[in-house]
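Student: These are the residues of each chain, in order.
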Amino acid sequence: MLLIRCPWCGLRDETEFRYGGEAHIPYPADPESLTDEQWADFLFMRDNPKGTWAERWVHAAGCRRWFNAIRDTATHRMVATYRMDQERPV
Amino acid sequence: MTGARLESGGAWLDRSRPVRFSFDGRSVKGFAGDTVASALLAAGARGGFVSPILGRPRGIATAGVEEPNAFVEIAEPWFEPIRPATMVPVVDGMVVRSRAGVGVLPDDDIAPRPSQHTYRHVETLVIGAGDAGRAAAAAAAGRTLLIDEQPVVLDPPPGVDALAETTASGIYDDGYVVCYQRIGDADVIHHVRASRVVLAAGAHERPIAFAGNDRPGVMLASAALAYLERFGVLAGQRVVAFSTNHAGHDAAHALARAGAQVIVVDPSPTGGDATARLRAAGVDVRSNARVVATAGDPALRAVTIEGPDGGHETVDADVLAVSGGWNPVVQLARGIGVGLTYDEDKACFVHDGTGPAWLEVVGGAAGDVPASFPLWVVDAGDDAEKFVEPLRDQTVADVARAVDAGLTSSEHVKRATYIGTTIDQGRTSGVLTAEIVNQLLRWAPGAQGPSNARPPDTPIPFSALAGVDIGLLADPIRVTALHPWHEAHRAVYENVGQWKRPRYFPQGDEDMHAAVARETRTLRTSVGVLDASTLGKIEVTGPDAGMFLDRMYTNRMSNLAVGAIRYGFMLGLDGMVFDDGVAMRLAEDRYLVSTTTGGAAAVLDRFEEWLQCEWIDLRVYCTSVTEQWSVIAVGGPNARKVLTAAGTTVDLDNEAFPFMTFRDGAVAGVPARVCRVSFTGDLSYEVHVSPWHALHVWDAVMTAGAPFGITPYGTEAMHVLRAEKGFVIVGQDTDGTQTPDDLGMSWIVHTGKGDFIGKRSLVRPDTIRMDRKQLVGLLAEDPAFVLPEGTQLLAEAEIPAPPAHMLGWVTSSYWSEVFGRSIALALVERGRERRGATIHAELDGETRAVTVTDPVFFDPEGARRDG
Chain A
-8 MLLIRCPWCG
2 LRDETEFRYG
12 GEAHIPYPAD
22 PESLTDEQWA
32 DFLFMRDNPK
42 GTWAERWVHA
52 AGCRRWFNAI
62 RDTATHRMVA
72 TYRMDQERPV
Chain B
459 MTGARLESGG
469 AWLDRSRPVR
479 FSFDGRSVKG
489 FAGDTVASAL
499 LAAGARGGFV
509 SPILGRPRGI
519 ATAGVEEPNA
529 FVEIAEPWFE
539 PIRPATMVPV
549 VDGMVVRSRA
559 GVGVLPDDDI
569 APRPSQHTYR
579 HVETLVIGAG
589 DAGRAAAAAA
599 AGRTLLIDEQ
609 PVVLDPPPGV
619 DALAETTASG
629 IYDDGYVVCY
639 QRIGDADVIH
649 HVRASRVVLA
659 AGAHERPIAF
669 AGNDRPGVML
679 ASAALAYLER
689 FGVLAGQRVV
699 AFSTNHAGHD
709 AAHALARAGA
719 QVIVVDPSPT
729 GGDATARLRA
739 AGVDVRSNAR
749 VVATAGDPAL
759 RAVTIEGPDG
769 GHETVDADVL
779 AVSGGWNPVV
789 QLARGIGVGL
799 TYDEDKACFV
809 HDGTGPAWLE
819 VVGGAAGDVP
829 ASFPLWVVDA
839 GDDAEKFVEP
849 LRDQTVADVA
859 RAVDAGLTSS
869 EHVKRATYIG
879 TTIDQGRTSG
889 VLTAEIVNQL
899 LRWAPGAQGP
909 SNARPPDTPI
919 PFSALAGVDI
929 GLLADPIRVT
939 ALHPWHEAHR
949 AVYENVGQWK
959 RPRYFPQGDE
969 DMHAAVARET
979 RTLRTSVGVL
989 DASTLGKIEV
999 TGPDAGMFLD
1009 RMYTNRMSNL
1019 AVGAIRYGFM
1029 LGLDGMVFDD
1039 GVAMRLAEDR
1049 YLVSTTTGGA
1059 AAVLDRFEEW
1069 LQCEWIDLRV
1079 YCTSVTEQWS
1089 VIAVGGPNAR
1099 KVLTAAGTTV
1109 DLDNEAFPFM
1119 TFRDGAVAGV
1129 PARVCRVSFT
1139 GDLSYEVHVS
1149 PWHALHVWDA
1159 VMTAGAPFGI
1169 TPYGTEAMHV
1179 LRAEKGFVIV
1189 GQDTDGTQTP
1199 DDLGMSWIVH
1209 TGKGDFIGKR
1219 SLVRPDTIRM
1229 DRKQLVGLLA
1239 EDPAFVLPEG
1249 TQLLAEAEIP
1259 APPAHMLGWV
1269 TSSYWSEVFG
1279 RSIALALVER
1289 GRERRGATIH
1299 AELDGETRAV
1309 TVTDPVFFDP
1319 EGARRDG
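Line by line, the protein sequences give chains A and B.
In terms of my numbering, the first sequence is numbered consecutively and its last residue is 81.
In terms of my numbering, the second sequence is numbered consecutively and its last residue is 1325.
Hints listed in this document are in silico derivations from the structure and should not be mistaken for laboratory results.
Incorrect hints may appear among the rest.
[Said to hold, decoys possible] Within a straight-line C-alpha distance of at most 20 Å, the following computed EDC-like cross-link-like pairs (lysine to aspartate or glutamate) qualify:
(1) Lys1217/B x Glu23/A
(2) Lys1231/B x Glu1291/B
(3) Lys1231/B x Glu1247/B
(4) Lys1211/B x Asp1002/B
(5) Lys1231/B x Asp1199/B
(6) Lys1217/B x Asp1032/B
(7) Lys1183/B x Asp1199/B
(8) Lys1217/B x Asp4/A
(9) Lys1217/B x Asp27/A
(10) Lys958/B x Asp933/B
(11) Lys958/B x Glu1085/B
(12) Lys1217/B x Glu28/A
(13) Lys1211/B x Glu23/A
(14) Lys1211/B x Asp21/A
(15) Lys41/A x Glu1247/B
(16) Lys1217/B x Asp21/A
(17) Lys1183/B x Asp1312/B
(18) Lys1099/B x Glu1247/B
(19) Lys1099/B x Asp1032/B
(20) Lys1099/B x Asp1109/B
Please read these numbers as outputs of a predicted model, since none were measured by experiment.
Put together the whole structure using the sequences plus the hints.
Tutor: Below you can see the structure in the form of structure tokens.
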């Protein structure tokens, strides 16, 4: 079970959190202007890298705040967590 | 003469406290500190157990968790279906029964062992309290926890928290270790988070596969030594030790010093220092020799030894102590990424140095084990008598059969033979099996290692994992403020999520059908009342609340007048219906939205996710108020009269208080919000009050309604009434693959208001396909027949050969009292085009004709909603 550093609450057990998929996929500014392919890409397509990637978590059984995290998918290591209004650190 | 208690010795024993327990109905004497196994050996027993598949006689083979033969059920003073006899400390009056590797649960309810969970945060956790573990604990700085699965931790270092009978079940990410502690008749699960984990679990001695190696009296040399040192029990008087390494030799030496006659059989050509040492002490050591057979009836009586010249000698023996080398106990660490490498000198697999930085492996677990002559199988005698996994009755012949079938990986052989899938987790069989496979394939020793190990490392009762989270604490029950009234009026409940909702209120000897018929009839002709408190309620506040709801719902909420109510859908990004409910505008910057009973938490989560992740500039706050409001829905043609009689300050006149608006005021003398919404199609008022006032208002409504024959009604009647109106229930008439248009509800989508969640998906090629399934009504040809929900629908009366093309399925189906016939809702391919057509419902290989209709059966003009 991972130890996850909530940007507001500090290190907490993974069981307090819920996973939210890949981060930094902004909702399109004007969905109507997208082709069906572009919209489908936004809706359904996600990366699946081996190594570090950015993902969303929510401290569901804690402060209920969403935040972003950089995690290494090969080692499970949580490289960094950061608030939604912060730049991706690495 | 066989095993016996010596006059002195036994580090774990308290000879001042004799105990007596029952084993298979026989009374056995022992001392406090004994295990069931040690007391049985002290009493001279060698067998007493049988194998699970072949029913072969078996005896105690080990002194620990690796035991593959001797299992007991504990019947008194608590119940446990199965434990290794080697791991059960005896208590006076205990009743145990032998079990053939499989526990049996009694028919009667049994009280689970009481269990609790604790959380510990330490600097260092040391797993295993042998020499290496104690040294690591003594050297550790900060808060240190030392655990050992055995009943005794001898000489724990000062300042260290030491727990005996505590086993690490699994090591997980970031130093999280689940530990299982037994305290007499109770269990504790420790959730340990450690900055540093030291694995000092030692090493397990390995058996050798020779013919007759499962006979009672054959045991590991380390076990014979453990019974001597811990319990003062000499397992046998005439001992043959079959040993490949100096630890096995030394164990034999200790047995000799304790008074046994000992012959050591050593397969290595000359032997090493230990051989010389034993010979100097006068012990008979046979180098370049091996055990090829055992005899007994069934417990061991004689051992046949093959000498260097190939000649056989049979000697009397009551114990055959086997030491085939040592396996470091690293199973626990393998799940967290620790790898193995083969050590030729020691003939075993050792930790290869990989793994997380916070994990350290020390002592025997780290490969600090004796060098060993590599011997896995004695190539004489019948392979079907050489047991590899006694607990699955699997032999060298069975492994060979798996390899002959083409399997080469120890993982595959495990699955073909079930070796290692046992209570003992393959502790004695894992490496042995891998090496037999290597040998059969003519691969080098160590070419592949044992199959992987997974938590739990040793069996843990489910009751321990559950802890106190059983019964009501496992799945809490939510009840409304009106529950005491429902209880007093014979409500039959339906579980909706965790809520208990009244399904119907039977009178006299009514069954559900009769009660629902009466409840629906009463509502349609006069008045009924429903506890609707479980509907999810969320307050959405802030200057941007209207803009936010416009983006979340298919229709426009920002132009809703204060005091007005609007029904809306929420869609997924994929355009499919996610939840429904009404929004009420309480003030310019304040809305109250309702959700389905089951969807409340998911809707709030979704609001938060969009507000926090996507539209972080919006000034909107969401608060769950589901339990802050009780909702009493008074419906039916006489609803206005009843509410008037109950007393209200709200002007109920149709002009003053039109449909889809709400008014704040008082009902029955208490503050209330009255909403004109209807899920039945008839005139209806939803009265929202504080839960503290709910029973009072409900009673007032019942009293006021009595002259009108008011009935309380439950969810079943509600379902019938709404289905008569063609109102969908999200999650019953939808399954996450329906757009609003599929439900015939395009009117709810306001495409002119700008973007909302799911809007773009409503024009995806798949969503605008012409052959999508659409919501329709169905009337069975036989009006008395109620179609089962889920019934599949066909175009043809004759069931075609598979794969038949199904048009859809029935989603809701009821007896409708108002129509005196059955009605149903269904999702049907091109359903709206088929209105008036006959299709066919398939049931148990037969079909029944049904007519496709509009889904609104009752009052399609909506004339009744105003009463």
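Student: If a hint holds in the structure, say so; if it does not, say that too.
Tutor: Here is what the structure says about each hint:
no. : hint                  : verdict
1   : Lys1217/B x Glu23/A   : holds, 9 Å
2   : Lys1231/B x Glu1291/B : holds, 11 Å
3   : Lys1231/B x Glu1247/B : holds, 16 Å
4   : Lys1211/B x Asp1002/B : holds, 15 Å
5   : Lys1231/B x Asp1199/B : holds, 10 Å
6   : Lys1217/B x Asp1032/B : holds, 8 Å
7   : Lys1183/B x Asp1199/B : holds, 17 Å
8   : Lys1217/B x Asp4/A    : violated, 38 Å
9   : Lys1217/B x Asp27/A   : holds, 13 Å
10  : Lys958/B x Asp933/B   : holds, 12 Å
11  : Lys958/B x Glu1085/B  : holds, 14 Å
12  : Lys1217/B x Glu28/A   : holds, 16 Å
13  : Lys1211/B x Glu23/A   : holds, 13 Å
14  : Lys1211/B x Asp21/A   : holds, 14 Å
15  : Lys41/A x Glu1247/B   : violated, 45 Å
16  : Lys1217/B x Asp21/A   : holds, 11 Å
17  : Lys1183/B x Asp1312/B : holds, 10 Å
18  : Lys1099/B x Glu1247/B : violated, 37 Å
19  : Lys1099/B x Asp1032/B : violated, 45 Å
20  : Lys1099/B x Asp1109/B : holds, 12 Å
When each numbered hint is compared with the structure, violations occur for hints 8, 15, 18, 19.
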